[in-house]
Amino acid sequence: MTGFFGALAEAWDELRVHKLRVLLALIGVAVAVCAITTITAAGDMLRQVSAEANERWSGRPATLSVSAYPTGQEIPGVEEYVAAYEDITARYEVEYSSMVMWSETTFRFPGGTMPTQTNAVSADWATMHRFVVDGGRWFTESDADNLSPALVVNQAFLDALGQRIEDHPTITIGGENPVEATVIGSYANTWPGEPPAAYMLVESKLRWSTPESLMNTGPPSLELWVPTDTVDALTDAVRRDLSGAIAGAQVDVSRMDSPDMNMIDGATKWVILGVSAVALLLGGLGLVNIALVTVRYRIREIGIRRSFGASSGRVFFSVLMESVVATVVAGVVGVSLAIVILHNVPLDTMMGSPVQDRPGFPVSAAVTGMVAAVSVGALAGLIPALVAVRVKVIDAIRY
Amino acid sequence: MSLLELHGVTRSVRLPDDRILEILRGIDLTVDAGEHVSIVGRSGTGKSTLLNILGLLDTPTAGDFLLDGVPIGRLSGRVRARRRGADFGFVFQQFNLLQARTALENVAAPLLYAQGKQFWARKRLAAEMLERVGLGDRLDTMPEKLSGGEQQRVAIARALVRGPRVILADEPTGALDVDTGGEVMDLLDTIAQENGSALIAITHDLAVASRAKRHFRLAEGVLTPIAIGARSAGSLDGLGSRVEHVPDGEDHQAEHVAVTLGAVASASSAAAEPVGAPRPGTGVDGLFGDSVVAS
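Residue numbers (full-length UniProt numbering), protein chains in the order written: chain G, 1 to 399; chain R, 1 to 295.
Read the hints as simulated data drawn from the structure, not as lab findings.
Given the structure is predicted, the values throughout are model-derived calculations rather than measurements.
Here a beta-carbon is modelled for each residue, glycine too, at the ideal position from N, C-alpha and C.
Check the hints yourself; a few may be wrong.
Claimed, not checked - Simulated crosslink set (DSBU-like; lysine-lysine; CA at most 35 Å straight-line):
no. : chain 1 : residue 1 : chain 2 : residue 2
1   : G       : K392      : R       : K145
2   : R       : K145      : G       : K19
3   : R       : K123      : R       : K145
4   : G       : K19       : R       : K117
5   : G       : K392      : R       : K123
To be verified - According to the in silico footprint, chain R covers these stretches of chain G (three or more CB under 8 Å from chain R):
no. : segment
6   : 8 to 15
7   : 311 to 324
8   : 386 to 397
This is chain G alone, in the form it adopts within the complex (with noise of 0.2 Å):
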């Protein structure tokens, strides 16, 4: 044990004598660990704003969508769907729910009146779809209670309504029962040139449209956010419970979210080794290359390490050891510079758009940063060493 330690101390005491090669070394080896930790993190936050837009249009997993079309003649009324809806939520004891329809409502802009894309759900929705507001909020369960529709709408309504959400804007929807709704929050246009749009609670669909234009819009779908062990048997259940619920129409319940996302990861991870397997290589081939060199000049000091009885081995251990101390002080380095820039560069907005859960710094990047610095200071220390070995003691003493 105490020869391990030895040997430790003798490197680091090497590293410190030779604080130049170290530095030498530390600026390629760390450059190439932050690259690697850094890109083996952004991977990371990659996939989680990969993951979080793929949730804001399908869900989060496992989000199943439930929808029944009447098949028969006799087409049956909005309530009975709710009704069914409730139930099985209730029955199955989801705990994030939504009831969707999509329908186009007839605002009454100050430009006119203009018909705007709809789309009626339930509070849960949000979270369900990660979805965030830019000003204001979203709905809450109180809301449905309000006499005056509550509107979350995006930039575009906005606009087209003059105003800002932190005038709390109200805007009257027409048709034939016309009432003044409020808007509550606002989001960003989902493109550019995007035109009006807004949400609104399923409660206000339901009180402030007459039922002749609820049918027009279609019956209501529901969506459940179920966990993924179980989601193959409420498929089943649901489908079931559902054909029995509502007579006569044919019943889809599928999965929203797209469970193949890793065909993505696959891609990356690609990209991340190959940019990886560069870096490391020329960070080693710098070491290997200062190394060898200090080892040539180093012969005569060997020679003496011998006399106070440094075998063969030792000597071997030691030389390495000089690499893997400074390149495990790179790795540190590059490590710790690679949660700098993860902290301080919102890589979630470069890629795309912010991500809700940032990923913490991953502790897989440290290990892969660290292994990486490890095994190529074993490597680049690794020819020196065997070097150091063949030194033939008595030359080197009178070298």
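On the provided structure of chain G, position chain R as indicated by the hints.
Chain R only, in chain G's frame:
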């Protein structure tokens, strides 16, 4: 059982033209614990090779080398290295201090290969040893800032810091002036005696050689016991030193060669007559010339 025993040790090397060069031939030598032995010889006669074999840095081509009665051929490379570190201390002519390390770090360096307490307390032990050689106030000084004598004292401290049983000194005063060489040898003698370490010195310097209890001459790879009867100061060079074989003494089984030092040396001056010790720095080249007469 002696500490070191060499019986018929030969060391040869193969030359590029495939000839075999015998550097050492049939070396017989026994060194006991605490003994002081000197070996004199011209350059290129195999002195350093012998020292390397004694210090386990090299191995004999033929013959037996016993350390504590155990043939070193039976020891693995790792064990030999461990014994070398624990039992031998080297003092080199050119000091061979590690550059860019302070005196303290140089003296502590051998303790990096020690075990247990010696390893963990290496800084303290090194400081104590430097104190013993009178460099307690130069612990953090770099070698290049030390005089030649001070550097050799650091080297001596380094050689002794692990408490070796044998000190192997290869021309320890070779790079020093006469007075400094004398001081360094005084120190080496004193500390070796205090530690109970055997001291084997290879030297050109007659004064250094004469400090030993037993003396040997190495010429053309052959080691011969000699008696140095030091009588007068001055170099032997060109003095026509006369060397006579004397009857085998009680110390040695081999023949003795008595070297008579003096300005007047002739074949008729007969038996050696020891006189005053020579000054340090006295050359001994005359010892290796044709004037050495075997009886």
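Compare the structure with the hints numbered earlier in the document and write down the numbers of the violated ones, lowest to highest. none
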